[in-house]
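**Q** If you read the sequences in order, they're chains V and D. Residue numbering for the first sequence follows the working numbering, beginning at 1052 and increasing consecutively. Residue numbering for the second sequence follows the working numbering, beginning at 20 and increasing consecutively.
Possibly wrong hints are sitting among the right ones.
[Claimed, not checked] Okay, derived cross-link-like pairs now, BS3-like style, lysine-lysine, Cα gap no bigger than 27 Å in a straight line:
hint: 1; chain 1: V; residue 1: 1089; chain 2: V; residue 2: 1134
hint: 2; chain 1: D; residue 1: 23; chain 2: D; residue 2: 470
hint: 3; chain 1: D; residue 1: 179; chain 2: D; residue 2: 29
hint: 4; chain 1: V; residue 1: 1134; chain 2: V; residue 2: 1185
hint: 5; chain 1: D; residue 1: 179; chain 2: D; residue 2: 251
hint: 6; chain 1: D; residue 1: 176; chain 2: V; residue 2: 1058
hint: 7; chain 1: D; residue 1: 240; chain 2: V; residue 2: 1058
hint: 8; chain 1: D; residue 1: 317; chain 2: D; residue 2: 251
hint: 9; chain 1: D; residue 1: 251; chain 2: D; residue 2: 240
hint: 10; chain 1: V; residue 1: 1058; chain 2: D; residue 2: 179
hint: 11; chain 1: D; residue 1: 251; chain 2: V; residue 2: 1058
hint: 12; chain 1: D; residue 1: 251; chain 2: D; residue 2: 176
These are computed hints drawn from the structure, not numbers from a lab.
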Amino acid sequence: MSETFTKAMARNIFYGGAVFFFLLFLALTFDTIQTLPKRDHRENITDSVVRGKHIWETRNCVGCHTILGEGAYFAPELGNVYKRRGGEFIKGWIKSQPTGAPGRRQMPQFNLTDQQLDDVVEFLKWTSEIDTNKWPPNIEG
Amino acid sequence: MQFKSQAVAKPYFIAAIALFAGQILFGLIMGFQYVVGDFLFPLIPFNVARMVHTNLLIVWILFGFMGAAYYLIPEEAETELFSPKLAILMFWIFLVAGALTIVGYLTVPYATLAAMTGNDMLATMGREFLEQPLPTKIGIVIVALAFLFNISMTVLKGRKTSISLVLLLGLWGLAIFFLFSFYNPSNLVLDKYFWWWTVHLWVEGVWELILGAMLAFVLIKITGVDREVIEKWLYVIIAMTLITGIIGTGHHYFWIGTPEYWQWFGSVFSALEPIPFFMMTVFAFNMVNRRRREHPNKAATLWALGTGVMAFLGAGVWGFLHTLAPVNFYTHGSQITAAHGHMAFYGAYVMVNLTMISYAMPMLRGRSANSPSAQVLEMWSFWLMTVSIVFITLFLTAAGILQIWLQRMGETPMSFMAAQDQIMLFYWLREAAGFVFLLGLVLYIWSFFKKGEVQTVA
Ligand code: HEM
Ligand code: HEM
Ligand SMILES: [Fe+2]
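Next comes chain D alone, as it looks inside the complex (with noise of 0.2 Å):
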């Protein structure tokens, strides 16, 4: 840590990983559900559940965003952040609007929580992802702004590298087309069109910057290779995604009432959109083959490749597989989407995260690495996370393939429920698969504790 100002990203690391932790425990027992029906009902009904998990989700990813943010602009600007005090201050009200927010999900009907929060003045709930009462989307908004306001004022008292440019793109960017989630017209065909623009112009638009600028940042640090060759490369990949993503918005406006002409503009350019991310993969593997140091943090190189390698999978190629028009007539909607959306989100944002705070958190520590058995655990934690995903998204695209198969095709079709009940096998396969990465979440936890060895820097 070169700046003590840095400091303030380790409370935000901290909260990601815990919210992370929750997120999993809600992911499972939904899984649960997915097989014994009435599990928990009616005390947390499934909705419910889903809300828990992926806002818990959204949430900690944000948390790591910023505090990735906080650690990276100033070594990059050189100068101490604009104002600690207010990245804390930001930090708190942050998590307790947070907290709040999941107590309400818990503890009050939706209904009521949208009367007692404003819904009926400005109608913003109820829609996927973006279920959170009116002051959490508002504080989100306040916050977004002190943060942004805090890192970009660093950047513009210091150094000005292409990497804390990026970041700070992405990061507008978020809160940008955040600001879609008010609009919420009655009319659904134009919700879902513009609905979109926060959900897709993020995870395949706005947030592949802060990958990048994430991913390149540690790979300078790890690899010391050249900061030129490093920023050519992010200038390229993150040049592809938006040439492809952008317009790639098309392939969700297939079927939901937009015209056909979609169909086209959607498939092609979003076809295209595995590119930036297969381009991730050779930039992290290259840069590793050309290192000119040998960092001792073993761990954090290898969350940095398995980004490359589990994005490109998980976003790249279960991307592909179903979003030409003709494919995803039958697969929308269906178990492929939810096998895509866990291998996608894992392999970029929540890797490119844990990457981050694996090398970050050591030096928020005074130390370059972790203990040599503190690393090897994290290591452990990392294989048994990446595998149980994969199995995850293997055991849902089987389900999905069956589910089409016995409901989309053929001349006698069977009805939801029915078709659900012939693919239970896979349910409780995916349920095995998920305690698996509970495990190695705890191991992921538990290596933070693990005492050895450590060399310190001055």
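Just chain V, same shape as in the assembly (with noise of 0.2 Å):
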């Protein structure tokens, strides 16, 4: 680099760029979280769904799969699973885990209760409806 363009104006740029860029992204966060509610659905957030929320929080359920395709990768998308199955199947799925066929990726049995397996339900449910701009791709996540 040239000896005209010295030290203290690279320290310059450094931080001017870094407020001014930071101040940007603080201005659209304020934008994001003001327009979020009509994208959220947040009306039907009950106390259901943010208690099917815990449950997959504190069974780690995100160590094996994705939610609206963040997570880990070792088993299906669960951000759309409740349109793709239904709740029903859902809950029949997680009570009869694990499959126990050998050489299969295994899931664990949680031993959740009938209000348990509502609540995450209820929670996979209103996460299906979040407007995520048309992602999935394809119903299989």
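Reconstruct the complex from the two isolated chains, following the hints.
**A** In structure tokens, the structure reads:
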């Protein structure tokens, strides 16, 4: 780099750039937060959905699955599983794990109560209704 | 080693390498579960192995950063560390907290662990990379604050160089953005939105400052190039990092419920994120070519150059590959993501730590460089680990392309599990490459014990 471009100039670009773009990021964040209620349908976050998310977290489902494309890639996407399979199938599935099929990937048995199963389904149902700009590309997730 | 108190870095480096070995073992377990699904089930379910793998990764990188700071800061500030005792105390707290957390993951069902550790009071667990129980998270904050206090006080009482300033900024940023891990709203969209403030603003933001400062320090030492030149490069690189990387967070806001305009902001700015990584490569080669001394530590030079190249490939090239919204629509959450995650983490943060350790560890052991035979071994380990991570990345990329083709494109898409069966071959190949990586790591550790003629420093 040339002599006319000094270290002090580089430093000023760093501080100026960092501050400017962080402020822009905050502004965009502010706007996003304002727009979100229209897209996440938060009026549908019932107590059951809240409990469902808690079960989702405390069973570490995201350690194998993705949800809206984030998580682990060992097991299917669950952001749209409610639309793919429906609530009854999901409950039956969780209750019947593990399959024990030799050599096949296994999902643990979590011993959830009927109430807890309903909560998980409610959480997944609400999640499947988030406006995700049409992701995933198809129902397989 | 110029200051006695730099010695506190040594246990940090040793712990980092030990945890690195643990990380790789659990990676291999998971890699095997990918092909033989019920391997070790129900003893170690996949999700448990994954938490251990990724959390060990993060924790050992943090150990590496702290060790690096304890080594670098006194030398830059030209004064002894503010409190070596505090540094050693924090070392043990962090190590014990980390070990207990891993033991907890492996021996207690996760839901029980959550209930035992106050997750019902303040729910923070069960989110990717942030799986740690509340006490561990609080422990991390305490250790980080004590550490920051210690090195900040050292800089305040000594010489203030641009390198230590940038390092401090990066480390303070690391602690501040970790605080978002305590925010877990029940609205999943908000949860995800701010989860990335920890994850993305770490690896594509403040950690790059730490990376740049560590690389600059080692380059000054091994090349003898004028500090003014190196620090000017450093500022330009990190300026580009934050100018592109902050708004670049938007590449995670395409499909999680956030507004559509993020597809523009995220795509455009993150497409520029490779620039600082490219500059790092040019920087490293440029400085080594203009070197004014022949440092006897050839291995450290190799690691420094390797960091530039591999960070650019993993973060820059493999990041760019899937960062434009129309591409990410198909690749999001696929094996492409895993491919990129591996090469980026290895190329940037594993390699910069190994660079620092390679340079500093001999000094901490009273020599300017290891014996030539030990260095040869270390350079073998460099090539084995680096080439195998390239192959892991290539195999996962192939797996990802097929996965997308079978499961996300065409009129009759396959189900997830059916598509996985079709790409088994590439998972086998990934696992084989993983064993080569392990071999490299074994040689790496072995190189520390290799005897031979060494140059001692006064
Ligand atoms: C022997 C070598 C390794 C093997 C076999 C291996 C295997 C794996 C597997 C199977 C996963 C889980 C993928 C999933 O969620 O489905 C994973 C995740 C991960 N590993 Fe490794 N790993 C290895 C080495 C490494 C190294 C050296 C690093 C860091 C430099 C690393 C960093 C990561 C990261 C960051 C993730 C999370 C990726 C994401 O969320 O996209 N791994 N690894
Ligand atoms: C050293 C720097 C970097 C590291 C350590 C890193 C690591 C990672 C990891 C671990 C993930 C997976 C996160 C998850 O599990 O959900 C990820 C995702 C992603 N990274 Fe990076 N990354 C780096 C730099 C970059 C850069 C420079 C770009 C763009 C040019 C980029 C583009 C992306 C994108 C688009 C995703 C989302 C993938 C998806 O939609 O599934 N990354 N990165
Ligand atoms: Fe990112």
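**Q** Please go over all the hints and tell whether each is borne out by the structure.
**A** These are the hints, each one checked on the structure:
Distance hint between residue 1089/V and residue 1134/V is fulfilled; the C-alpha atoms sit about 20 Å from each other, no more than 27 Å. Taking the CA atoms of residue 23/D and residue 470/D, the gap is about 24 Å. The hint holds against a cut of 27 Å. Distance check on the hinted pair: residue 179/D and residue 29/D sit about 24 Å apart at the alpha-carbon level, within 27 Å; holds. The straight-line distance between the Cα atoms of residue 1134/V and residue 1185/V is roughly 13 Å, inside the 27 Å bound, and the hint therefore holds.
A C-alpha spacing of about 15 Å is found between residue 179/D and residue 251/D, which places the hinted pair at or below 27 Å, so the restraint holds. As the CA atoms of residue 176/D and residue 1058/V are separated by approximately 23 Å, the hinted pair is consistent with the 27 Å bound. Between residue 240/D and residue 1058/V the CA atoms are separated by roughly 19 Å; this keeps the pair inside 27 Å, and the hint holds. For the suggested pair residue 317/D and residue 251/D, the alpha carbons sit about 25 Å apart, so the restraint of at most 27 Å is met.
Note on residue 251/D and residue 240/D: the hinted pairing holds, with a Cα-Cα distance of about 16 Å set against a maximum of 27 Å. For the hint linking residue 1058/V to residue 179/D, the alpha-carbon distance of about 15 Å falls within 27 Å, and the restraint holds. At most 27 Å may separate the alpha-carbon atoms for a hinted pair to count; residue 251/D and residue 1058/V meet this at roughly 5 Å. Distance hint between residue 251/D and residue 176/D is fulfilled; the C-alpha atoms sit about 24 Å from each other, no more than 27 Å.
Every hint from the earlier list agrees with this structure, and none is contradicted.
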